[in-house]
Amino acid sequence: MGPIVVVTELEAGRVADASQELLTKSREVADALGTTVTAVGFGGQAASALAGAAADAAIAVTGSAAEVYSPRVYERALASLLKEQAPSLVMLSNTTLGMDLGAALASFSGQPMVGYCTGLSVQDGQVVALSQIYGGKLLAEVEVPVTGSIITAIPGSWPAASAGGSPAVAAAVAEPAPEVELLQVIMPESGGDVDITRSDILVSVGRGIQGPENLELADELAASLGAVVSCSRPVVDAGWLPRSRQVGKSGQTVKPRAYLAMGISGAPEHLQGMKDAELIIAVNSDESAPIFEVAHFGAAVDILELMPVLAEKLQGRAG
Amino acid sequence: MKIAVLMKDVPDLVEDLELTDEGQLAVDELSFIPSEWDDQALEEALLVKDEMGQAEVTAVAVDTGDVDSMLYTALAKGADRAVKIVGEFGRDLPNRARSAVLAEYLKTAGYDLILTGVQAIDDVDGQVAGLVAGHLDVPHASVVREVAVAGGHVRCLQEYSAGRMAELRLATPALLGIQAARKPPRYVTIAKVRQVTKSASLEEVEGELPEVPTAAVRRLFKPQAAGRAVMWEGDPEAVAEQIVALLDDRKLIRS
Amino acid sequence: MVLRTVLEALTAVMLLSSLALFGRRVRAIAGVMKKARPIVRTDRVGERLASVVEHVLLHRRMFRITFSGILHFFIFSGFVVLLIDIVETIGEVFIPGFTVGPVLATIVDVWDVVVLVGIAMAVYNRVVIKPERFAGSDEKDAFLILGLITAIVSGIIVHDSFYPFLAREVFHVPDPVARAHFLGWGLSRLWIALGWTSPVAAGAGYTLGYLLDIGVVFGFLAYLPYSKHFHIFSAVPNIFVRNLRPLGELVPKVPEESIAVRSFQDFHWKDILDLYTCTECGRCQAVCPAHAAGQPLSPKMVILKLRDALNERIAAGGWQEAPAAPALAGGVVSPEELWACTTCGACQEACPVFIEHVPKIVGLRSALLEDGEVDAGAQKALVAFDRQGNSFGQPARKRPQWAKGLDFPIKDARKEPVDWLWFVGDFAAYDPRVQDLTRLVAQLLHLAGVDFGILYEGEVNSGNDALRIGEYGLFENLAAKNLQALEKAQYNRIFTTDPHSLNALKNEYRKLGFESKVMHYTEAFGELVAQGRLTLAPLRLRATYHDPCYLGRWNRITEAPRALIRRTGVDLIEMPRHGTQSFCCGAGGGRIWMEEAGMEERPANQRIKEALALPDVAYFVVACPKDVSMFSASVTAMGLEERLKVVDVAELLGVATGLLQVREVQLATS
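Protein chains in written order, with this note's numbering: chain A, 345 to 663; chain B, 768 to 1022; chain C, 158 to 827.
Don't take every hint at face value.
As the list claims (entries may be wrong) - Below, a list of computed lysine-lysine pairs in the DSS-like style, where the Cα atoms sit at most 30 Å apart:
#1 B:851 to B:965
#2 C:638 to B:851
#3 A:657 to B:1018
#4 C:537 to B:816
#5 C:561 to C:638
#6 B:965 to C:668
#7 B:989 to C:555
#8 C:192 to C:385
#9 B:874 to A:427
#10 A:657 to C:668
#11 C:537 to B:989
#12 B:1018 to A:599
By construction, these hints were calculated from the structure, which means they are not laboratory data.
Okay, chain A solo, but in the shape it has when bound (with noise of 0.2 Å):
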């Protein structure tokens, strides 16, 4: 059988986290399976990274190409290794990379692919992976050939490794890829705004808002708490908040000592970016919603009405 070939990405030359819990996952699937775990990176950086990664074995795609992430030069690169390496199953994160290459190393290589993955265990020697479907409100329990099949995990899901490793680093090189061109790369606007990630607690609003006339109820309930105010990606894209304010896959990751979402149903690329605050309250009218699974406590109520009552409340208590 071929090996788990776990496709990490870096964050400031290191592994990031989300690829060390892929690496940790991809252990223990492998010794259930009797086989080894290979990890792929890029960048000039990835070979002094993978050296101390917890796999069998390790490859750094390198070349000036290599150095930022780009689509078809990162697709191109692992269609090739794959093709080496036979593996039985690839792992990548549900970022936006795992977005860009799984679905379409899948295709290209005829393999079955398994996307938004929170679980994946051996029963029986056969690799079963859950799969959060309906913006989480439903499970799916996937059984996965070991074929090669692409599988892209929602981060968070699984413990970064705790040990590390000494595998052999190999290396390769990445081809350059002219029809697809980085122009630039953009950090997000520093100062200006607060920073949601420094805040103790955070009050969060989602679509249950209803409108940006609505914020200054979320304003007032943060100002009774000493709270900053953020929110899940609707609330950006209508225009009610800047994305400096947004948690979740493509805004900010947070783990405030006190999260309240108020009015945002938890789909799993919001849960992404919250799920490990010390204390999450959670009201939203539709008592089935996910952000139920991962709050600590939880009120089916409207919040536009909650939230003046319970503003008034701390209020008096502050006072």
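Based on the hints, put chains B and C in the right spot on chain A.
The following block gives chains B and C in isolation, referenced to the frame of chain A:
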């Protein structure tokens, strides 16, 4: 510039998802709406068309039941053509097979730019953009917005975590998985859709159900209450009391 | 006799040229009206004539503002009475010795005084009082017209003052009414003193007066159709062709294509006549909640902008096409103006000449909507109506969930016959802030032993708001779903707790073939109380009552709720604006879902202030679920919970019947 927008409909999550005894979705009980990311992709395509002046936007859907109204709505919003791929396709057509059907059509249809939603909620491999791109072997990018066409190239922004982005330039034909349009999808009146339904027609293209690699879904189930929140009952007044008491207990209230 | 000939010739020339100018203008306007959409407005002639008497001769609406009413009545009556002078003056030039007799001559001079007093009052009104409602009106035109009227009246006095000399010295005819024209007679004493009684002086003086009078009258005739004073001619027909169908019916018959207004041809002909009837008095602006809230809408300016745009297009020759001209919706009238309207109808109610503002605004909204230009919040509501049948975006099957927790079952009227069918409405069914009230209404019905039922998930939003956002197609779809459910149901009468649903069921569903009598719950409960099926212990408190626009103004149901409130032992104190003159909460016409950009002070807050000014009133009674939401929010936002409590009529009944315990025994009011 010929632009295709791949569209599909998905169950409306406003309704409860009921499961059959066999752990499958009770499809007949559901109401379907266009996948929200596909709607975003259509809007972005129409905005690109507005900007360019002369582009042709075609909405494309696989006929898995009742997709006509979705396609007529796309026409009413401003799409120039609508293509319905017909064949032996059921409501439960997996995305993998859907992608192969779409790719088969797209191979010869001669589009310069193909847009679709970044994902769909209804399958373990709902990422149609990547799946179709793999079949077509064309430049592609997912999680993108702000699409612009200039000089035979396509520019867009690709989003990463923590607000980081990259500006990409792709040679055509290219395929993009749209995260969000620049503007919220436009409204179209019922009367306009009705009128288009009378005056316009959908182009039907034959498609065949392909053999695709699958990972068998054993069952679907609702997440169990393993880590489920402690739910507070009562009116907002009572809930607010509970929250205050809890925050107080955790020493989170300023005094 | 040369003078007589000259005056005759002059008169003929002036008459013909002013008629030509007048005719040309009227033909142009009539041309537009002919091309506009048809509408039946010439039926029920008796009622129409009666309404002309009431609103033209008796000035019924004009007198709502006393000072303006009086001054206008003075000037208006002058226009009628002084026709005598025109007959007399032209008569004495063309027919030697013609006279109207001493009585009519005296009347002319009396009305000279009346008109002059009216003009003085008008000038005082415009210069000193300066009501805000004139903001945006053409002040110059107003003063020009007042000047012209002054000129006419002066002319009358002047030519009357010289006529005795002219009659004697030049025309050689008797002037038996010289003294009856007491103003002219008085002035003639001055001419005698000055020695200006020679044939030449008399001829010159008379000619001057004649030109000031008859010349200006003809000039006026030619100028009128180009100015706001065309209402002198158009007001009477416009009042005659006013809407006599149910007020709340926005669209009288199923439209052939769409209700969108993109060109002037898309208006009804009455809409075009409206544009030329507006006198720019601004009474609509003064009562408009959007205007009062600081939003960019003024109903008056909508009419004036449309009129000016049509005038420009007529002048340019191609009003039908006007491809280069700005779009009516979004160009001539801005989207912000159009979306600010709550469709409360206060403007139409205030208009002395029965201009219909709301259908025009909705038609223009519809054009914006067809172009995809709509407020995001309103769009969300429309999509939710379409998909889920309610504005909350909640599943249809959750509609009857409010009934959970009642200790008796509610019949499904689709499955078993009921006496009363209750059309619950969205807010009452879904808004958690209103559901308690909805349960209370059910308990009251149960207590009264009424055999009632609901349509369960067969009910969808009535479509009243969708229609007023401009989405006729969606209204039709929603109505079809409701009618389908109603078809299945067996009931003797239908009532609703929601005025917006009431309006749709009662007025808008008629064109779709639904003719059942629909009642508001205050009417229905009034009957129950009258029949002794609910026993009420008097509450003994002072309260004011807010008329919901779609109950009071659009459906004229103002007495039933008041009678019911009084039956609960409440001492009802009226706010200044009440009944059909009520002030909108700001929620109607889809506003409840739209952004409040540019809002300086919410109409609901202003309304609460109006109630606060009443002595010792601690309860603000409403009869509409949206009002419960809107006004409770205002009271909370203004920090007035201890001072004023928003209660529904049902709550008063709840306490009076003993179903509800009084939570606050007495609010601190003094």
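How the hints compare with the structure:
1. Straight-line distance between C-alpha atoms of residue 851 of chain B and residue 965 of chain B comes to about 17 Å, which keeps the hinted pair within the 30 Å bound.
2. This hinted pair checks out: residue 638 of chain C and residue 851 of chain B have alpha carbons roughly 29 Å apart, not beyond 30 Å.
3. Between residue 657 of chain A and residue 1018 of chain B, the direct Cα distance comes to roughly 16 Å. Compliance with the 30 Å bound is thereby established for this hinted pair.
4. Among the hinted pairs, residue 537 of chain C with residue 816 of chain B is consistent with the structure: their alpha-carbon atoms are about 25 Å apart, no more than 30 Å.
5. A C-alpha spacing of about 24 Å is found between residue 561 of chain C and residue 638 of chain C, which places the hinted pair at or below 30 Å, so the restraint holds.
6. Restraint check for residue 965 of chain B and residue 668 of chain C: satisfied, since their Cα atoms lie roughly 23 Å apart, inside the 30 Å limit.
7. Between residue 989 of chain B and residue 555 of chain C the CA atoms are separated by roughly 20 Å; this keeps the pair inside 30 Å, and the hint holds.
8. The suggested pairing of residue 192 of chain C with residue 385 of chain C holds, with an alpha-carbon distance near 23 Å, which does not exceed 30 Å.
9. Between residue 874 of chain B and residue 427 of chain A, the direct Cα distance comes to roughly 24 Å. Compliance with the 30 Å bound is thereby established for this hinted pair.
10. A threshold of 30 Å between alpha carbons decides the hint, and for residue 657 of chain A with residue 668 of chain C the separation of about 52 Å lies outside it, so the pair is violated.
11. For the suggested pair residue 537 of chain C and residue 989 of chain B, the alpha carbons sit about 28 Å apart, so the restraint of at most 30 Å is met.
12. Taking the CA atoms of residue 1018 of chain B and residue 599 of chain A, the gap is near 17 Å; set against the 30 Å cutoff, the hint holds.
Of the numbered hints given earlier, the model fails hint 10 alone.
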